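Q: Offset between the sequence shown (1-based) and my numbering: plus 313.
Hints are computed from structural coordinates only; laboratory data are not their basis.
Any given hint might turn out to be false.
[What the hints assert, rightly or not] Simulated restraints on C-beta separations: (1) R686 - R660: 13 to 23 angstroms; (2) N514 - W864: 12 to 22 angstroms; (3) L511 - Q772: 53 to 63 angstroms; (4) S536 - K853: 55 to 65 angstroms; (5) L360 - D747: 16 to 26 angstroms; (6) D541 - L511: 48 to 58 angstroms; (7) S475 - Q813: 48 to 58 angstroms.
Here the structure is a predicted model, which means the values were calculated and not measured.
We put the CB at the ideal spot given by N, CA and C, even for glycine.
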Amino acid sequence: MRFYLSLILLIFVNTAFSQSTIQGVVRDAATNEVLPFCNIAVKGSVLGTITNKDGRFQISVSLSKDTLMFSYLGYEALSLPVSELSQQKTVLMIPKGVALNELEVHANPDYIYEIIEDCRKKLRSDQGMTESKMYFGLETYISGKAAELLECYYNANLEGISLKELRLKNGRMGLGVVGSRIFNNWETSLVVSKLDLLNKNYYYPSIPLQYGRKEMKTVFNVSMESSDSSMYHIAFVPRTNRSDHFAGELWIDKQSMLLLKIRLQIQDAAVHPFISVLEDSISHVSFDIVQTFRKEGTSLVPSYIAFDYSLYYATGSGNAREISIVLPDMNRKINTQCVLYFYDYNRPFILPYFDYNSDVGEYEMLSIVPYNRVFWENNQAMLLTEQQKEDVGFFAEKGSLLNFSEGNYGKDFCAPVNSEGHRYFLPYTFWSPDKRIFIARGLPQTEVYSQDKINQCVQRDLYDLKVQLLLDVNQKGDSLDCRSYTVFDEVHTIFHLPWQDYTIIFLNIYFDLCEIERRKMDAVLHQQNYSLAAIDSIYKASVKAMDQLTWKYLNEVNLGKNSDALKKWNQLVFDQLKIDNIELLTDKSKGK
């Protein structure tokens with residue numbers, strides 16, 4: 314009897330603490346309108362999420378023990394047991410009452426400038442460094458037609474409330490055809506990161522928080538929109554030069570003088586961070602930006618940024634700034650909506666073990682890290698809206714998708730190859746047992762030197778082959794999931810020698826030797842559930858072993874001129890990988 318009772322209790326405990334995924338929608342209790350970007354936290358933990366533009370959310374919780382905390386500026390905070398939410402699915406937030414007593418007490422608006430200045434001083438004094446995970450979502454429409462959809466995850470480094478650096482973990486995208494070409498923005502996350510609320514720059518119009526009180530009064534008119542016992546709500550508009558300064562609103566906490574929320578708006582901005590390509594032009598740039606903040610420990614940190622902009626793109630003369638947008642020749646209105654959601658402060662992602670070239674842009678980086686089902690199944694900071702789901706289907710049929718898998722629209726990472734079966738030297742070429750590589754000429758680092766120039770150089774200065782082991786580590790429950798790849802790095806590879814009959818064999822044996830070391834590393838990583846420190850140590854040891862093996866190979870084969878040594882290494886590759894490069898590539902080498 315005691316055995317059966319223990320078994321029943323064990324089953325009850327396992328059930329009680331099992332995790333379930335629930336979905337819901339957050340609405341205004343008075344108007345029934347959805348509340349986008351509402352913060353949701355699991356009580357007593359660091360877990361949480363945020364609603365999408367449809368007010369919908371999804372979160373993994375314990376149905377029996379967890380309680381969700383809902384917070385939205387201007388609304389009463391709400392605590393709701395998951396057991397209740399699992400039944401009703403709709404969360405109703407009650408608006409706070411607003412009093413206007415501050416407007417009656419103060420006749421002179423100078424006190425409003427003092428409030429803003431006090432807030433600015435408070436923000437500038439809090440410049441602590443923090444790191445968080447960050448979700449970046451973007452959608453673009455051109456003349457009402459879906460043109461672009463991005464979902465990216467980053468580690469965000471922040472100094473106070475200012476975003477200083479973004480480092481990509483993983484991402485996916487859908488691109489549509491506009492005219493006869495694929496549309497894409499370039500470096501949109503960089504565009505957003507250039508917005509500095511406390512310091513003026515030439516990327517964006519200015520705001521009151523960037524000025525001292527005396528100068529602020531000459532640039533902006535301010536007014537108290539409302540005030541209650543806990544918060545000031547202040548509006549500001551530029552006195553003149555409305556194309557150089559934002560209009561907007563500030564929400565400031567009365568007790569701490571910390572910024573709770575800011576909204577920035579402008580039409581036809583004279584200052585903006587976009588450039589066109591070729592001799593085309595960009596005009597009528599407008600912004601509507603909302604940013605909210607919360608306390609994390611003793612610091613104020615961003616919660617989310619809703620960053621919307623529109624512009625007209627037309628053929629004509631271009632301008633020169635640092636951030637680009639790419640379009641075919643046309644004259645159309647572009648509307649882009651972005652959201653950046655900061656969460657899991659001080660618990661960043663494990664970034665891929667890979668050395669990106671400094672010139673690689675956001676889109677190229679997205680296509681480098683292969684699709685990882687474990688990552689996407691365990692990371693969904695924000696649900697796609699119903700419209701976005703329709704757009705994914707549209708891109709699958711009429712455009713291009715990378716790393717999407719929902720609804721059978723997606724495809725796992727698979728770089729294209731040409732009809733001859735070779736992997737041409739792209740910036741990063743992934744090893745494949747079915748494809749071979751060769752040198753693509755015409756690049757500065759692969760330019761063939763004249764014999765006179767070759768004679769003046771040390772031979773080892775004429776070539777340098779670079780291969781990286783890409784390791785993608787992701788949390789999966791209580792363990793770490795490891796996926797690795799062997800990648801030929803064209804960006805850092807140098808080859809100035811003329812092509813010989815044995816060169817293609819020499820190159821592919823080199824690449825195959827690196828793959829052999831990757832497989833050894835992979836076997837070790839899958840022996841047990843290692844800690845991140847142990848994984849890091851295994852990775853570094855594998856890179857060192859790969860470098861030692863390839864160094865020995867290079868010294869023995871002498872670029873492939875030593876045929877006996879080349880045959881020996883070819884046999885090693887055949888024994889390990891069942892690939893005979895000499896047999897496969899001897900005919901292909903001639904004439905290359």
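Q: Does the Cβ pair D541, L511 satisfy 48 to 58 angstroms?
A: With a Cβ separation near 26 angstroms, D541 and L511 fall outside 48 to 58 angstroms, so the hint is violated.
Q: Does the beta carbon distance between S475 and Q813 stay inside 48 to 58 angstroms, or does it fall outside?
A: At roughly 54 angstroms between Cβ atoms, Q813 and S475 fall inside 48 to 58 angstroms, so the hint holds.
Q: Is the distance from the Cβ of L360 to the Cβ of D747 consistent with 16 to 26 angstroms?
A: Since L360 and D747 have Cβ atoms about 43 angstroms apart, the given range 16 to 26 angstroms is violated.
Q: So the hint says 13 to 23 angstroms: do the beta-carbon atoms of R686 and R660 match that?
A: Given range 13 to 23 angstroms: holds, Cβ gap about 22 angstroms.
Q: Could you see if the CB distance from N514 to W864 stays within 12 to 22 angstroms?
A: 47 angstroms, violated
Q: Lying within 53 to 63 angstroms: is that true of the beta-carbon distance L511 to Q772?
A: About 55 angstroms separates the Cβ atoms of L511 and Q772, which means 53 to 63 angstroms holds.
Q: The hint says 55 to 65 angstroms between S536 and K853; measuring C-beta to C-beta, is that right?
A: Distance hint for S536, K853 holds at roughly 59 angstroms.
The structure fails to meet hints 2, 5 and 6 from the earlier list, while all remaining hints are met.
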